[in-house]
Amino acid sequence: MAARVYLVEDDESIRELVLYALASSGYEARGFERADAFWEACDALAPSLVLLDIMLPGDDGLAILRRMKESVRTADIPVIMLTARATEYDKVKGLDAGADDYVTKPFGVMELLSRVRAVLRRAGPGEEPAPLLYGEVSLDPGRRAVTAAGEPVALTYKEFELLAFLLKNQGLVLTRERIMERVWGFDYEGESRTVDMHIKSLRHKLGACGEIIRTVRGVGYKIGE
Numbered sequence: 264m265a266a267r268v269y270l271v272e273d274d275e276s277i278r279e280l281v282l283y284a285l286a287s288s289g290y291e292a293r294g295f296e297r298a299d300a301f302w303e304a305c306d307a308l309a310p311s312l313v314l315l316d317i318m319l320p321g322d323d324g325l326a327i328l329r330r331m332k333e334s335v336r337t338a339d340i341p342v343i344m345l346t347a348r349a350t351e352y353d354k355v356k357g358l359d360a361g362a363d364d365y366v367t368k369p370f371g372v373m374e375l376l377s378r379v380r381a382v383l384r385r386a387g388p389g390e391e392p393a394p395l396l397y398g399e400v401s402l403d404p405g406r407r408a409v410t411a412a413g414e415p416v417a418l419t420y421k422e423f424e425l426l427a428f429l430l431k432n433q434g435l436v437l438t439r440e441r442i443m444e445r446v447w448g449f450d451y452e453g454e455s456r457t458v459d460m461h462i463k464s465l466r467h468k469l470g471a472c473g474e475i476i477r478t479v480r481g482v483g484y485k486i487g488e
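In the working numbering, the protein residues as written are 264 to 488.
Careful: at least some of the hints might be erroneous.
For lysine to aspartate or glutamate, the following EDC-like pairs were computed, each having C-alpha atoms within a straight-line distance of at most 16 Å [claimed, not checked]: (1) K332 <-> E422; (2) K356 <-> E374; (3) K421 <-> D403; (4) K468 <-> E422; (5) K356 <-> D274; (6) K468 <-> E399; (7) K421 <-> D323; (8) K463 <-> E474; (9) K368 <-> D274; (10) K368 <-> E303; (11) K463 <-> E422; (12) K421 <-> D459; (13) K421 <-> E333; (14) K332 <-> D306; (15) K485 <-> E440; (16) K468 <-> E414; (17) K421 <-> E444; (18) K368 <-> D273; (19) K431 <-> E488; (20) K421 <-> D363; (21) K421 <-> D306; (22) K356 <-> D323; (23) K485 <-> E422.
Label-pair restraints from in silico Cβ distances [what the hints assert, rightly or not]: (24) R480 <-> R380: 37 to 43 Å; (25) A347 <-> E444: 21 to 27 Å; (26) V366 <-> G487: 31 to 37 Å; (27) G487 <-> T367: 22 to 28 Å; (28) E414 <-> R385: 27 to 33 Å; (29) G398 <-> E444: 25 to 31 Å.
Since the hints were derived computationally from the structure, they do not count as laboratory data.
Virtual Cβ for every residue (Gly too), placed ideally from N, Cα, C.
Input sequences plus hints: build the corresponding full structure.
The structure is reproduced here in structure tokens:
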């Protein structure tokens, strides 16, 4: 069965071009100009992936993305953001909200199709992942649940991904560059404040268990010996 891709883009010329490219590549593609029509389509039939423009009439792309991640029905649907914004701050803002990738306009159709294939591969079905454990911290990837000392911990999308990456690499020192690339999905450039601020927030939410995340001065972070 062909993957179903929904595109939310108010620019008609871009929307038609991308839909044509997707259909020509074997995807089942539908385009929407506004959020309300997109939500109606999702309620009827959920997509395999969403291409989402940030600048939209009515609810913008970030508002749509946040609503998707808050809903059980749409939380696990991968999202690629399409936008003319190219600053690191805007990339981090979208990726923090739960986007899986980020394509800046103007973009080439072949590049976009490559990103679509890569994200769909990563989101493909597989075996139920085992919980990740260290000390009194437990992270269940399948249910996206975290507990610390037996108590549930509410994390943002990127805080969860950051903790999962640290737990998967117990005992290894992870540089800020590697964390940025693997968790945020793009090459690390500029200051390290994005990673550092998320580590600080993660430690705070884990309470006394937050001490399992160790700082390796001048390098990055690690969990375990």
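Going through the hints against the structure:
Using a Cα cut-off of 16 Å, the hinted pair K332 and E422 holds, with the two alpha carbons roughly 14 Å apart. About 22 Å separates the Cα atoms of K356 and E374, which puts this hinted pair outside 16 Å; it is violated. Distance hint between K421 and D403 is fulfilled; the C-alpha atoms sit about 15 Å from each other, no more than 16 Å. As the CA atoms of K468 and E422 are separated by approximately 10 Å, the hinted pair is consistent with the 16 Å bound.
With a C-alpha separation of about 22 Å, the suggested pair K356 and D274 falls outside the 16 Å cut-off, and the hint is violated. With a CA separation close to 14 Å, the supplied pair K468 and E399 stays within the 16 Å bound. Between the alpha carbons of K421 and D323 the distance comes to roughly 20 Å, so the proposed pair goes past 16 Å and is violated. Straight-line distance between C-alpha atoms of K463 and E474 comes to about 11 Å, which keeps the hinted pair within the 16 Å bound.
For the suggested pair K368 and D274, the alpha carbons sit about 12 Å apart, so the restraint of at most 16 Å is met. With a C-alpha separation of about 27 Å, the suggested pair K368 and E303 falls outside the 16 Å cut-off, and the hint is violated. Using a Cα cut-off of 16 Å, the hinted pair K463 and E422 holds, with the two alpha carbons roughly 10 Å apart. A hinted pair counts as satisfied when its Cα atoms are at most 16 Å apart, and K421 with D459 qualifies at roughly 13 Å.
Of the supplied pair hints, the one linking K421 and E333 holds, its CA atoms being roughly 13 Å apart against a limit of 16 Å. As the CA atoms of K332 and D306 are separated by approximately 15 Å, the hinted pair is consistent with the 16 Å bound. Proposed proximity of K485 and E440 is supported: the alpha carbons are some 13 Å apart, at most 16 Å. Between K468 and E414 the CA atoms are separated by roughly 11 Å; this keeps the pair inside 16 Å, and the hint holds.
In summary, the hint linking K421 to E444 is supported, as the alpha carbons are separated by about 13 Å, within the 16 Å threshold. Annotation: proposed proximity of K368 to D273 holds, straight-line Cα distance about 14 Å (limit 16 Å). At most 16 Å may separate the alpha-carbon atoms for a hinted pair to count; K431 and E488 meet this at roughly 14 Å. For a cut-off of 16 Å, the pair hint linking K421 to D363 stands: about 10 Å separates their Cα positions.
Taken as a hint, the K421 and D306 pair is broken in the structure, with Cα atoms around 26 Å apart against an allowance of 16 Å. Taking the CA atoms of K356 and D323, the gap is about 13 Å. The hint holds against a cut of 16 Å. Under the criterion of a C-alpha separation no larger than 16 Å, the hint pairing K485 with E422 is consistent with the structure, at around 15 Å. At about 40 Å, the CB distance of R480 to R380 agrees with the hint of 37 to 43 Å.
A347 and E444 have their C-beta atoms about 24 Å apart, which keeps the hinted 21 to 27 Å range intact. Checked against the hint of 31 to 37 Å, the pair V366 and G487 passes, with Cβ atoms roughly 36 Å apart. For G487 and T367, the Cβ-Cβ distance of about 37 Å falls outside the hinted range of 22 to 28 Å, so the restraint is violated. Between E414 and R385 the beta carbon distance is about 31 Å. The supplied range of 27 to 33 Å therefore holds.
With their beta carbons about 27 Å apart, G398 and E444 fall inside the hinted range of 25 to 31 Å.
Checked against the numbered hints above, the structure breaks hints 2, 5, 7, 10, 21, 27 and satisfies the rest.
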